[in-house]
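Asks: Using the hints, position chains X, H and S against chain G.
Residue strings, one per chain:
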Amino acid sequence: MRDLLARLAVGAPVPVFPVAGGGTREALARLRLRPDVHLVDTPRHAIVLLVLGEFPPGEIAGLAAVHDMIPSPRVTVHWTPGGPRDDVPRSMRVDGDDTALVAALSRVAGEVLSGTRASEPPIRPDVDPVEWRGIGPYGHGGKGMTGGTPFGRPLAERAPDRDGLELDQLSVTVGPWLGALPPGLELGIKLQGDVIQEVEIHPPAVTLERPDGWVRALEVPVPVAELELDRARHHLVWLGEALRVHDLPALGQRTLRLAQGLTPGDRGEVERVLAEVRRTGIYRLALRGLGAVDPSQVGGLGPVARAAGLEDDARLDDPTYQELGFRPVSHRGADAADRWRQRIAEITQSLDLAGRAGDRTAFGDGVVEGPRGRITSDGILPGAVTVDLLPELLTGLEWGDAVAVVWSLDVDPTGVASRSSPEGAAA
Amino acid sequence: MSPAWAVALVGVLLMVSVYLVAVMETIFGLRVSGVRGYGRAWALPMSRAALLLSQRRSVTERPDAQAWALAPALLGGLGAVALTAIPLAAGVEVADVDAGIVLFGAALVQVMVAVFLHGWAANSLFPVLGAFRMAALALSVSIPFSLVVITTALPAESLSVGLIISSQESLWNVVRQPLGLPIYLITGLGFSFWAPLQLPDARDLSGGTSAEVSGAALLVWRVARASILVAVAAMGAAAFLGGYLGPWLPGWLWMAVKTFGLLAILVWSGHRIARPRMETAVKLGWTVLLPLALVDVFVSGALTL
Amino acid sequence: MSLDALLVVAAALFGAGVYGALSQQSFVMIMMGLELMLNATILAVVAFWWGSTGGNPEGQLLAIVVMAVMAIEAAIGFALVTNVYRVRKADITEKLRRLRG
Amino acid sequence: MSGIVDFLFWVFAVAAVVTGWLVFRTDSMVRAAYWLMASFVAVGAILVTLDAQFLGLILILMMAGEMTIMAIFMVMYMMNPAGLNPMTMVHQHRTAAVAGAGAFVALALVGLLADFPDRPAPSGTDPTVDLGVELLGESMLVFESAGVALLAVMIGAIALVSKRGRYGDADEGSEEPILEKTE
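Protein chains in written order, with the working numbering: chain G, 1 to 427; chain X, 1 to 305; chain H, 1 to 101; chain S, 1 to 183.
Any given hint could be a false lead.
Claimed, not checked - Counterexamples of contact, computed for chain S against chain X with all Cβ distances above 12 Å:
(1) ILE58
(2) HIS93
(3) ALA114
To be verified - Simulated restraints, written as ranges between beta carbons of each label pair:
(4) GLU26(G) - ARG62(X): 40 to 46 Å
(5) ARG158(G) - LYS283(X): 34 to 40 Å
(6) ARG94(S) - GLU157(X): 52 to 58 Å
(7) LYS283(X) - ARG94(S): 49 to 55 Å
(8) LYS283(X) - SER2(H): 49 to 55 Å
(9) ARG124(G) - PRO291(X): 53 to 59 Å
(10) ILE4(S) - GLU198(G): 55 to 61 Å
(11) GLY11(G) - ALA216(X): 14 to 20 Å
Derived by calculation from the structure, the hints in this document are not laboratory data. Treat the numbers as computed from the prediction; the structure is a model and nothing was measured. C-beta atoms are modelled at their ideal positions from N, C-alpha and C, and glycine is treated no differently.
For reference, chain G alone in the conformation it holds in the complex (with noise of 0.2 Å):
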C-alpha cells in the first residue's frame, strides 16, 4: 500500500515550504515556475523544509520551530544560490545550481516518502510549555475564578475598539517565514478578531539583501538598458508574488515567467499580461481605499512616493535620462490600488526606456533611483523606510487588508537589518 502510494505521488509536484534568507528574491521566483516543486503557504502542507540563502549564525537554530510544524515523513534541504555553506552537514546541503536543487528535492521526497529514508525527528521535546492541570481552585491552573494566568497564559486584556465595546486582546508574532507576508518580515500584533490594534516591527532574522547591479550603479558607469530591465523584472516579480498572496496564483506564475530574460522586445506580451491583471477587477475589489500614505512621508520612496503624486525620482537629474526625454508617471489617489497601477506603468515605461537607450550609460554620482527607491552611498536602503510606515498604516485594518497594504508597499524588511544590525548587535 505504502509501496503503491509513494509511486502515485512522485508524479505530483513537492510540496516545499521554502524558508528565504537574504539574497534569494530571484530564486525563489524561478523556483515557483518549476513545474516538478510546488511552494506551499504553511509548513504543515509541505514535505521538504528548504532552507535557502544566508542567515546570521544565531538564525539557523529559530527554525525549528517551523521544522516540526512540518507532519512526519520531513525532511530538509539547505541551499545557497551563490554558492555551497559550511555550516550545515553534508547530507542535507545542495550545492549547485536550480536544476540541480529541483532534482535532489524530487530525490529527498521520493526517498522519504517510500522510506527509503527515515523522517526526521522533531528537533524540539514535544512537552506542554507550561503544565496544563490541577492548578488553582477550578483546576484552571489560575487565582480566582477570572484572574490569574490560566495554564501559565496571561488572560487576554481589553482594549477599547472601533464598535465601542471593550473586547480582549490577542497578542501574537507572526512571520518572518508566514506564506502571506514577505519573507523575513516578523510583526508583533495585537489583535481583536481581525482588526489589528497595534503593531510592532521585530528585527529581520534574515541578513543583508544585497542589490548588486544597484549598488555598482552608484560607482562606475552601467548601461541603462541593463538598469530598466533590472528595474521592470523586479516589479514584474513583485507583480507574480503579490498576485500569488492576492489567489491569483496561475497568473501571478505567468508574470514571473514573463520576469525571466526578460527583453524591451516582450513588450506586447507583458501588455496583454498587465491588461489581464486589470480585468480581475483586483484594484476595484481588493485594494481601493487601503493603506493610502501621506505624501510628506515617503519622500524617496521610488513608486510609493510617485502614487502618491509626488514626482520623486533621481533619473530627472542623470542627462543621460533627460537625454531621452524621460518624465515619471505619477498618481494621486496615494493608496494601494494607485501604487499597483503606478508599479504597472512603470513596467511599460521601463522597457520603452531599456529599447530607447541603445549602448547608453547612467552614472549615479552617489544616487541611483532603485526599484523601491532612492538608494545613496550612506547605505539605507529604501526597503527600510517603507517598513516604517507599517504601524501607522496597519493599525486598525483587518488582517487581509493588511496584507494587501504590505505587498503594495514592497517591503523589503533586509533594508533594516542593514541600519539596525549595530543597534540590535548591541542589545
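Replies: Chains X, H and S only, in chain G's frame:
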C-alpha cells in the same frame, strides 16, 4: 430506488465529478499561467491525493480533536445530501422529498457550521480568523441565495425539484428569471468558499481554516469542498437550465452537460476574478445581491400571477 | 411512534431547557436554555398537529409562529447582551445585581 | 416501512434530548452552541418523519446561522475563552436541576395522562401544500403579523445596539447633555 443503490450512486457520481473539477482546476490554472500541454492534468489530481495520503496528520496544541475530525466528514456529507435532492434524470430522484429545494438549502446553509468548526477546532490563529470570515460571508450570501432558489419554485407552484424542472418544459428559468442564475452562482461560490470567494481558506491567512491541516484530513477537506461546488452546479442546472430536459440526447447526458458547463464557469471565474476584500464581499451580499434578489422575487411573482 | 412518546420527548427537552436557563450565568447560555424550551414547544405543537388535529394546517402555522418568536427572542437577546456589555462590561448575571442604568 | 420510521424516530428523539443536555455540560463555547444546533437538527428530523417536511427543513436551515452567531457572541463577550480556561459557569445548580426535573415530570404526566383526541391526518393529503394555502389564504394576517413583528424587532435591535444614540454615545449613559454656558 433502494437506499443502498442510492448511496452508492451518489457516492460514485460525487467522486467522479470532484475528480473532474480537480482536472478542470488544473487545466484552467495551466492555461492562465501560459503553459501549453494539458496531458499531465488528468493524472495530477491522483498523484496529489496519493501524496496527501502518505502524509501523517498534524497536531496543534490542544485542538478540539473530535470537532476537527468531524468537520471534513460533515462537509462531505452535506455535499452528498445536497446532491440527493436533485433529480439526475427523468424519474431518477435519490431522495424523493416534496420540499426538495428546502432540503438543498438546509444542507448548504449547514456548510457554514462545518467550516466554522473546522477553523475553530484547530486552536490556532489563522484557522479561527478563517472561521469568523466564513460566518460573515455565509450570513451575507445566505439570504439572497435562499431568495433566488425559492423563486424558481414560483412557476412550478411546488417546492419539489422534479416539478421545478418539469415547469421549465416551455421556457427555462434562466430566461424567465434573468437575475436568478447570476445571483445564484455568486452566492453559491460563497457557500462552497471557492475562488474568488475563498475568503475562509485564503492565502492571506496561509490557508485559513485548513492552514493547520495535513495529510488525509486535508484531502478529505478539499474533496468535500469540491463536492459542495458540484452540488451547487447541479442544482443550478436543475433549477435554472431545465435539468435533464433537452432534445436528442438522453436526459442524464443533458444534466451532465449543463452541470459541467456551470462548473466550468465557476472554476474559470476563480482564476480570472480577484478575491474581494472581506468588507467588499459582505457589502456585495447585503447591498447589491439582496436588493437584486428581492427584485427577482417580486418580478417573478408578478409574472407568475 | 405515538403522540404520547412525542410529548414525553418534548417534556424532556423542556426540562433540560429549564435547567439550563436557571443554572447558567452567561447571558448567551441562558438564551440557549430558552431556545431549547422553544424547541420543545415546536416539537409538541407539531406532534399535536400530527396526532390530534386531523391534518389541520393551522397546527403547522402555530409552529411557524413559534419559530418567529424564537427569532425575535434571539434578536432582542443579542441586542440586550451587546448593550449591557457596552455599558457594564459584564456578560454574566451575577454582575448585574441592579438593573438601573 | 413503519418499523424503520419508528426506529429513526427513537434515534432522533434520544439524540435531541442527549445533545440538548450536553449544551450545559460542556465547557467549550462553540461546542455548547453546536450541541444546541444538533438538538434542533434532531427535532427537525423528527418533524420530517411526522410529515411536516417543510417545517423540519426550515428549522434546520434557520438554526445554522443562529447558532453560529451564538457561538461568536459567546467568544466575543465571555472573558475566559473556555477550553483555554475551563471552569464551572453554573450557579444555583441544585435549584435548577430540581426545577428542570420537575418541569419534565409535570409535562410528561400531562402528556401521558391527558386524553387528547386521536385524529391523525388523513392519508393522501400533502401537508406542505396545505400549509402554503393556509399561510397565504385564511391565515395570511397571522403570517404577515409575524413578518411585521420581525421587522419591528430588527429595527429595535439595531437601535438598541447602535453606538451613537439620540443623546450621544451609548456607553456614556443616557442623560441629556448639559448645555454649555456661552460667554
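Asks: Look at each hint and say if it fits the structure.
Replies: Right, here's what the structure says about each hint:
For ILE58(S), the requirement that its beta carbon stay farther than 12 Å from each beta carbon of chain X is not met, with the minimum near 6 Å. No Cβ of chain X approaches the Cβ of HIS93(S) within 12 Å, the least distance being about 25 Å, so the stated non-interface status holds. For ALA114(S), the shortest C-beta to C-beta distance to chain X comes to about 32 Å, beyond the 12 Å cut-off, and the non-interface label holds. At roughly 41 Å, the beta carbons of GLU26(G) and ARG62(X) sit within the given window of 40 to 46 Å.
Look at ARG158(G) against LYS283(X): about 29 Å separates their beta carbons, and that is not inside 34 to 40 Å. A hinted range of 52 to 58 Å holds for the C-beta pair ARG94(S) and GLU157(X), which are about 56 Å apart. Distance hint check: the CB atoms of LYS283(X) and ARG94(S) are about 50 Å apart, consistent with the given range 49 to 55 Å. Judged by the Cβ atoms, the range 49 to 55 Å given for LYS283(X) and SER2(H) holds: they are separated by roughly 52 Å.
Distance hint check for ARG124(G) and PRO291(X): the Cβ-Cβ separation is about 54 Å, which falls inside the suggested range of 53 to 59 Å. In this structure the supplied range 55 to 61 Å holds for ILE4(S) paired with GLU198(G), their Cβ-Cβ distance being about 59 Å. Roughly 18 Å separates the CB atoms of GLY11(G) and ALA216(X), a value that falls within the hinted 14 to 20 Å.
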